[in-house]
Amino acid sequence: MVKLFRTPSISLSRRRFIVGSSAAGLSIGVLSACSSEPAEPPAPDYSKLPPNPEVNAWVHIHHDDTVTVRIARSEMGQGTSTGLAQLVAEELDCDWEKVKMEFPTPGENLRRDRVWKDFSTGGSRGLRDSQQYVREGGAAARHMLVAAAASEWEVPADEITTEKGRLFHKASGKEAGYGSMAEAASTMEPPTEFTLKDKKDWTILGQPKKRLDTANKLTGKLKYGQDIVLDGMVMASVKACPILGGKLKSFDASDAENTPGVKKVMQLGDNAVVVVADSWWTANKVLEDMTIEWDGGDHANYSTADIEALLEEGLNGESKIGNASGDIDAALADAETVVEATYNFPALNHACMEPMNATALWTEDSCEVWCPTQNGEAVLGAIAPASGHDISKCEVYKTILGGGFGRKGMSDYAVQAVMIAKEMPGTPVKLMWSREEDMIHGFFHPVTKATMRGGLDADGNMTGLDLKISGQSIVAALMPGFLAQMGGIDLFTFQGLLAPGTHAMAEDQTLKYSFPALKAHHAMKNPPIRPGFWRGVNLNQNAVYLECFLDEMAHAAGRDPLEFRLAYLNDSPEMAKVLQAVADKGGWGKDDGRHRGLACIYGFGSYVAACADVSVSDEGELTINKITAATDCGHAANPQQIEAQVEGSFVYGLSALLFQEMTFENGQPVQTNFHNFPSMQIRHMPEVETIVMPSGGFWGGVGEPTIAVAAPAVLNAIFAATGKRARQLPLKDQNLRG
Amino acid sequence: MVKLNVNGKTVEYSGDEDKPLLWAIREDLGLTGTKYGCGIAQCGACTIHIDGNAVRACTYPVGALDGSEKITTIEGLSEDGTHPVQKAWAELDVPQCGFCQPGMMMAVSALLKEKPNATDSDIDEAITNICRCGTFARVRKGIHLAKKL
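As you go down the protein sequences, you meet chains S and H in turn. According to my numbering, the stretch in the first sequence is residues 1 to 738, in order. According to my numbering, the stretch in the second sequence is residues 739 to 887, in order.
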């Protein structure tokens, strides 16, 4: 049996990790920091017994019947960890009140032949991609517990039943808690075939269970990456050239080095300066005051006007087709009316509440990193070459993330921390980015524009839709090899617009409308700003382009936007149902003086729709009164957490629609903090009614798809209120009636 | 030398008096529940109480204190997580990532101390903390629940 979470090379420094009040019985501090509150103290004293071995990789049952479920995916607020624990607990038949969580390390996963499979947490995949093997993990552990009891009681295994963490043999009257059988169970053969529970038998899964990780979030005890404290630790702040591709020319370290508390001033790579001090505030202040000269390089004069010109060039130039059907040229040529409109979607920063940070400890024989990350394995893979050590000498301890939204899927900040720590062997270094550094060095939401042309016949029926996107490709910037594999076309820029069967990795991002003719095409135009995966990714702009334009076409045809959409959703009853649901509950068609807009989309494997209800004052001021939202994610692991994700999705999506864009002057971002990149506050929050309508039969994602319908539903409602289309995002500083 | 009375304990601070209280609390006192989010008093993640009033600690220099003030951080809001706001937050599962919530709860508890019957418009005016996960719907419900606890 491999002992979890302890290896000789790293046990020492783990012991140095200080977590304040650490829960008893857990092997290392970082785990206790991420664990839920301990269960009520058991009556018997188990402390003299050696701890039980794990039953299997997913399940560790303790003498007091407490069950620790191993969670491979990262927790960044989306509730995936609680959902994953529910998946295991349901099949295990354990007592939910006694379930705790812990997060195995990427190094442990590597040493155990990736027994926990993928750690990557993005694309709303946490539950849907792992539900099968995670449930099998719980089912296997239950099977092994039953086998252990059968062996000890000398009864047939199929006469043993389980409930709430206990084993029963009715005929003999024998019963036992899981804790007492866990050690024997660990020696049993795991099953090779599984019959997972039917949805109708679920008692933990599908229930609105409370999150397992709330208690320490209410007392300040939870240690985020920002809060890591190690013995002898020093603090670092970094400033990298604000222009993409620019270099460090010179810096004057003389004042900095004479400042009390400063430990080190150093150049990092060829484009950054770092100050290390005994206080982060000191390090950052010294860095702010330092005279630094940059060599801006090729993009030193680049501005938002250049991006605009580039996107316009794309709209008027060559493109590659992502989805085409019918004869679009004839459809538009023969149309009675051709509607045309151009919309934009700006670059955006993720603006996680917790700025990027990582703590690194480098020695001659090891490298350890503590950090918030959506992909611990990617961090491990990135720090090994940076440290100069073999990957087996490196380890990553994931902390709960203070927001991720796609940004913390990148490993850049962890690599920086290792590069600094390597210059200070044996000394733990906590690198924290200032908010300004975080804003400037984002992986921004791709910037795009799109022109749509739609044909209508004399009866107001659509003849065809031409949707041309111009702009940035994430794949081109971050995964050029993958772009080449796809023949130079980034199919993922067509998220939500693709035909089924286009790409195995995009089957969860297909278009559900059936139009008489369609041409969706993309002119790739990549400005020198760094794109990344921003919660919802390309579904965000494509939903604006498609759903706002369908609204425009419906109005041009003199048809009801709900009826117009439904006319093209005959092949997708699931989509039609969520759309109808928000229309019904959202008061669509009611003559009550309120103004409503609709949007629906399929993305991340789920069907979502929204009906927004807005008012626009005579002065053009917008109030979003209410949004009714529906989600069909197939199976709903935890309905109350789905509601939380849907509500939160509107905050993320509407913050962008209302207030946010990254603009560029002299090659660098203009927006540097929340004063010029505002985010919604409670006073902006509309009432949200969430309809969770799982139709069964599939597992869809939840964390992202709803973001995409937030903006188009509100934009369409604004038109209903004003008769004027708002096609320029964000809406701030625009008079919606002017 | 500045005397800091934090969560009922008095400590002597001898560092730079320009240092914002946030960093004295986090680094010198080791109380990491109060978060750094923006450094310019925009996001509210660093909200604490000074004599019961909500203050954004990231822009409040230690030197501005005269030693008589009572400072409360999230760690001192209650001894055992049973402040009505904490209880309401637990009841409604308010936090998502939770990073902004110490500041959010400190802002809310200061509001409820001043206005035990805070209305929605009181909330809209007083609670300007940013939450990127978007917990506002539950925060509002939580405030109304906390009033009854």
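Do not take every clue at face value.
Said to hold, decoys possible - The calculated lysine-lysine pairs, modelled on DSS-like cross-linking and capped at a C-alpha distance of 27 Å, are:
#1 264/S / 741/H
#2 886/H / 210/S
#3 741/H / 393/S
#4 886/H / 626/S
#5 210/S / 199/S
#6 221/S / 851/H
#7 221/S / 747/H
As the list claims (entries may be wrong) - Far from chain S, by Cβ distances over 12 Å, these chain H residues were calculated:
#8 741
#9 758
#10 782
#11 789
#12 803
#13 805
#14 839
#15 853
#16 865
#17 868
Stated by the list, open to error - The following residues of chain S were derived to be distant from chain H, with all beta-carbon distances above 12 Å:
#18 174
#19 282
#20 488
Since the hints were made in silico from the structure, they are not lab data. We put the beta carbon where it would ideally sit given N, CA and C, even for glycine.
Going down the list of hints, with the structure as the test:
| no. | hint | in the structure |
| --- | --- | --- |
| 1 | 264/S / 741/H | 30 Å, violated |
| 2 | 886/H / 210/S | 21 Å, holds |
| 3 | 741/H / 393/S | 45 Å, violated |
| 4 | 886/H / 626/S | 26 Å, holds |
| 5 | 210/S / 199/S | 20 Å, holds |
| 6 | 221/S / 851/H | 23 Å, holds |
| 7 | 221/S / 747/H | 18 Å, holds |
| 8 | 741 | 20 Å, holds |
| 9 | 758 | 7 Å, violated |
| 10 | 782 | 9 Å, violated |
| 11 | 789 | 20 Å, holds |
| 12 | 803 | 16 Å, holds |
| 13 | 805 | 21 Å, holds |
| 14 | 839 | 6 Å, violated |
| 15 | 853 | 15 Å, holds |
| 16 | 865 | 5 Å, violated |
| 17 | 868 | 5 Å, violated |
| 18 | 174 | 38 Å, holds |
| 19 | 282 | 7 Å, violated |
| 20 | 488 | 35 Å, holds |
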